[in-house]
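Assemble chain B with the ligands onto chain A, guided by the hints.
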Amino acid sequence: MSHILRIENLHVSVNDKPILRGVNLVIKFGETHALMGPNGSGKSTLGLAIAGHPNYQITEGSIWLDDVNLTELEADERSRAGIFMAFQRPVAIPGVKMADFLRHAATNVRRPDRKEGEDLIAMREFRKELKGKMEQLKMDPEFARRYVNDGFSGGEMKRAEILTMAMLSPKFSILDETDSGLDADAVRLASASIAEIGRDKMGLLIITHHDKLLEHNPPQFTHVMLGGRIVETGGAELARQLHDHGYDRIRKAYPDAEAANQQMLAKEEPLAV
Amino acid sequence: MSTDTSTNETIGEINKYDFRTESKAVFKARKGLDAQIVEQISEMKNEPAWMREFRLKSLEIFHSKPMPKWGGSIDVDFQDIFYYLKPTDKQGRTWEDVPQEIKDTFDKLGIPEAEKKFLAGVKAQFESEVVYGSLKEDLVQQGVIFTDTDTAVREHPDLLREYFGTIIPPNDNKFAALNSAVWSGGSFIYVPKGVKIDFPLQAYFRINAENMGQFERTLIIVDEGASIHYVEGCTAPMYSSESLHSAVVEIICKRGSRCRYTTIQNWANNIYNLVTKRAVAYADATMEWVDGNLGSKLTMKYPAVYMLEPGARGEILSIAFASAGQHQDAGAKLVHAAPHTTGQIISKSISKNGGRASYRGLVRVEKDARKSKSNVVCDALILDSKSQSDTYPYIEILDQDVSIGHEASVSRIGEEQLFYLMSRGLSEAEASTMIVNGFIEPLVKELPMEYAVEMNRLIQLQMEGSVG
Ligand SMILES: Nc1ncnc2c1ncn2[C@@H]1O[C@H](COP(=O)(O)OP(=O)(O)OP(=O)(O)O)[C@@H](O)[C@H]1O
Ligand SMILES: [Mg+2]
Numbered sequence: 001m002s003h004i005l006r007i008e009n010l011h012v013s014v015n016d017k018p019i020l021r022g023v024n025l026v027i028k029f030g031e032t033h034a035l036m037g038p039n040g041s042g043k044s045t046l047g048l049a050i051a052g053h054p055n056y057q058i059t060e061g062s063i064w065l066d067d068v069n070l071t072e073l074e075a076d077e078r079s080r081a082g083i084f085m086a087f088q089r090p091v092a093i094p095g096v097k098m099a100d101f102l103r104h105a106a107t108n109v110r111r112p113d114r115k116e117g118e119d120l121i122a123m124r125e126f127r128k129e130l131k132g133k134m135e136q137l138k139m140d141p142e143f144a145r146r147y148v149n150d151g152f153s154g155g156e157m158k159r160a161e162i163l164t165m166a167m168l169s170p171k172f173s174i175l176d177e178t179d180s181g182l183d184a185d186a187v188r189l190a191s192a193s194i195a196e197i198g199r200d201k202m203g204l205l206i207i208t209h210h211d212k213l214l215e216h217n218p219p220q221f222t223h224v225m226l227g228g229r230i231v232e233t234g235g236a237e238l239a240r241q242l243h244d245h246g247y248d249r250i251r252k253a254y255p256d257a258e259a260a261n262q263q264m265l266a267k268e269e270p271l272a273v
Numbered sequence: 001m002s003t004d005t006s007t008n009e010t011i012g013e014i015n016k017y018d019f020r021t022e023s024k025a026v027f028k029a030r031k032g033l034d035a036q037i038v039e040q041i042s043e044m045k046n047e048p049a050w051m052r053e054f055r056l057k058s059l060e061i062f063h064s065k066p067m068p069k070w071g072g073s074i075d076v077d078f079q080d081i082f083y084y085l086k087p088t089d090k091q092g093r094t095w096e097d098v099p100q101e102i103k104d105t106f107d108k109l110g111i112p113e114a115e116k117k118f119l120a121g122v123k124a125q126f127e128s129e130v131v132y133g134s135l136k137e138d139l140v141q142q143g144v145i146f147t148d149t150d151t152a153v154r155e156h157p158d159l160l161r162e163y164f165g166t167i168i169p170p171n172d173n174k175f176a177a178l179n180s181a182v183w184s185g186g187s188f189i190y191v192p193k194g195v196k197i198d199f200p201l202q203a204y205f206r207i208n209a210e211n212m213g214q215f216e217r218t219l220i221i222v223d224e225g226a227s228i229h230y231v232e233g234c235t236a237p238m239y240s241s242e243s244l245h246s247a248v249v250e251i252i253c254k255r256g257s258r259c260r261y262t263t264i265q266n267w268a269n270n271i272y273n274l275v276t277k278r279a280v281a282y283a284d285a286t287m288e289w290v291d292g293n294l295g296s297k298l299t300m301k302y303p304a305v306y307m308l309e310p311g312a313r314g315e316i317l318s319i320a321f322a323s324a325g326q327h328q329d330a331g332a333k334l335v336h337a338a339p340h341t342t343g344q345i346i347s348k349s350i351s352k353n354g355g356r357a358s359y360r361g362l363v364r365v366e367k368d369a370r371k372s373k374s375n376v377v378c379d380a381l382i383l384d385s386k387s388q389s390d391t392y393p394y395i396e397i398l399d400q401d402v403s404i405g406h407e408a409s410v411s412r413i414g415e416e417q418l419f420y421l422m423s424r425g426l427s428e429a430e431a432s433t434m435i436v437n438g439f440i441e442p443l444v445k446e447l448p449m450e451y452a453v454e455m456n457r458l459i460q461l462q463m464e465g466s467v468g
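So the sequence lines, in the order shown, correspond to chains A and B.
To convert, note that position 133 of the first sequence is 133 in my numbering; the numbers rise steadily by one, no gaps.
To convert, note that position 382 of the second sequence is 382 in my numbering; the numbers rise steadily by one, no gaps.
Bound conformation, chain A alone (with noise of 0.2 Å):
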């Protein structure tokens, strides 16, 4: 297989306040890249950008899964084309539980044309490779019964994005910090499933501030932002010197894009309680 998304100089604003300012980046599939940058860089923005969330306005540039325009697509549409991000902070849909909405979600994946209110992907099909999924993860069972992401702890919480990547399979998976909120033994865990499950297999992109999840998942590419932009991308020796050091270096060498990344955060609205 061979796929390439491709995101060229993408400006991405929030309120009409902009947050990237001109991002390129071309991921293959079956490769690895490692977004970092200091918090409120704009990974996440990337992410949801181009995972299609409805508030990040694409106010120039473009980004391409193959010959398809992903901008003009809706969420639901780059989900069925291939894109899958895990969330830095997932969203409870109390009441659902997680069986049904992977069974829901597996279904329009796998078949992008279907209509609505047609037939899902027959139960005991599903229930066989959810089952085997969840083991490979070594997740309880019961889980399977539970609300989407309803009182589930912080690493419940990506143990289940973890899962439902798994289930949907991907072209592209987008993973925004899925290695915090764990304890030592579950990044582990966590970075070996990702290893296993998404490694050769998609184009991941793995945004986190840890080390862990990267030692498994050695990048051929790493890329740092700052300010809404990619200011210096290398090997994964990059990771390893920013994980080590920091990003003062970074920082100084790219004294604009520092300021850009002040401003946003100093502009940031207090939050409303």
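Please note that a few of the clues may not be correct.
[To be verified] Below 25 Å or equal to it, Euclidean Cα-Cα: the simulated PhoX-like pairs (lysine-lysine) are: (1) K65/B x K174/B; (2) K138/A x K171/A; (3) K65/B x K297/B; (4) K131/A x K201/A; (5) K445/B x K128/A; (6) K131/A x K174/B; (7) K115/A x K171/A; (8) K174/B x K31/B; (9) K97/A x K445/B.
Hints listed in this document are in silico derivations from the structure and should not be mistaken for laboratory results.
Frame of chain A; chain B with the ligands shown alone:
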């Protein structure tokens, strides 16, 4: 409302669709409401004098009471209604005569064939007659009475008279008075001491065209230590020739008994659905109402439990779905009239497309009902900015030593929830439906399996806007 008098031969519920039947001339009272009509109804039914008196007295009460000033606005011309249509006889219509439109709706809902035919008023070759036959025999052996209320007046006069109108007397409210004057049909159930019926007893098994009438009257007596789960109504849209449906349901739960009464109703959009439902629960008895309301122009319905002796429990679960042109004013009423009684109300409402869903509930704790506990949870989900939800919780506490909880929440379908589901491949419509189904899940899981499935499908149809 339909005022077309050329559809004489049709059965009340469905003549909106102008079914042609080949019935012989059957009795039909003229339009309007007066003593003569009421007497005629009573005469047609060959009723004893006491019932005729009861009806006539109720009519007076009806006339003397003003229209309720709260709830929704009711615009009904009481003189422009047929109060009694005797159902056609055996050779009535067949399944082939049922309009395709109705059959299609039934198919969409996936309603069992037997129920479909019943709903369409097709009496011939009703398949579940056989099912019901053997079921009935079993019940009869245990002394259970399960019949329609008209028959009960004739066949079980003493038992019926002892309780009829005692829980909801005619002067309770204007519409209870109206029902008392012109009632017809409904279920009469008696479960003897200690008899536990372990399957849900479904109204549609009882093949009687009067069952789904405009003014049905149901009376259920659950004797000491007995238990029953009664399921009434159905999820198919109910078509009515008249714009007014006004039922009365009275339930008596004696010491240590248990009764659950499940209703799911989906009315056509022209209907005023004004129903009085009340149960009394004696020592250690449990009464549960599970009440789902969809469709109608206005529904006003507040199932009540009066807990009269220590240890009594009352639980009310209610779901309301209001769409364009609909007002659901639904709720619940719990009266703690004895110490150590426990009550719970869970209400979920959904409004969409300009619909309005109101929760109206009362919890009253009488003086000396010490150590009583009551909990109310009402959640509203509003699907768009055109729609409305309001809550009117009333709490009256006359004793200090009690514990009462109340939680209310109103939410809109969250953008974040929609995006989350859509990012997993669900279309926007599918995602909204899933969120709504999740919202009512705590109630739906209390329904018998087949009703739960129908309820979910019905919500889906409501979400698509293809029903009602
Ligand atoms: N929905 C939103 N509403 C308002 N501001 C937003 C929104 N999303 C992002 N931003 C702003 O955009 C900037 C970039 O945020 P983003 O979440 O993309 O950063 P990040 O690199 O993922 O940071 P972190 O490492 O803390 O997760 C921040 O200033 C943030 O406040
Ligand atoms: Mg982030």
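Status of the hints after comparison with the structure:
With a C-alpha separation of about 6 Å, the suggested pair K65/B and K174/B falls inside the 25 Å cut-off, and the hint holds. Between K138/A and K171/A the alpha-carbon distance is near 24 Å, which keeps this suggested pair within the 25 Å criterion. For the suggested pair K65/B and K297/B, the alpha carbons sit about 23 Å apart, so the restraint of at most 25 Å is met. As the CA atoms of K131/A and K201/A are separated by approximately 21 Å, the hinted pair is consistent with the 25 Å bound.
Among the hinted pairs, K445/B with K128/A is consistent with the structure: their alpha-carbon atoms are about 24 Å apart, no more than 25 Å. At roughly 58 Å between alpha-carbon atoms, K131/A and K174/B are farther apart than 25 Å, so this suggested pair is violated. Between K115/A and K171/A, the direct Cα distance comes to roughly 22 Å. Compliance with the 25 Å bound is thereby established for this hinted pair. In summary, the hint linking K174/B to K31/B is supported, as the alpha carbons are separated by about 19 Å, within the 25 Å threshold.
A hinted pair counts as satisfied when its Cα atoms are at most 25 Å apart, and K97/A with K445/B qualifies at roughly 12 Å.
Consistency with the previously given hints fails for number 6 only.
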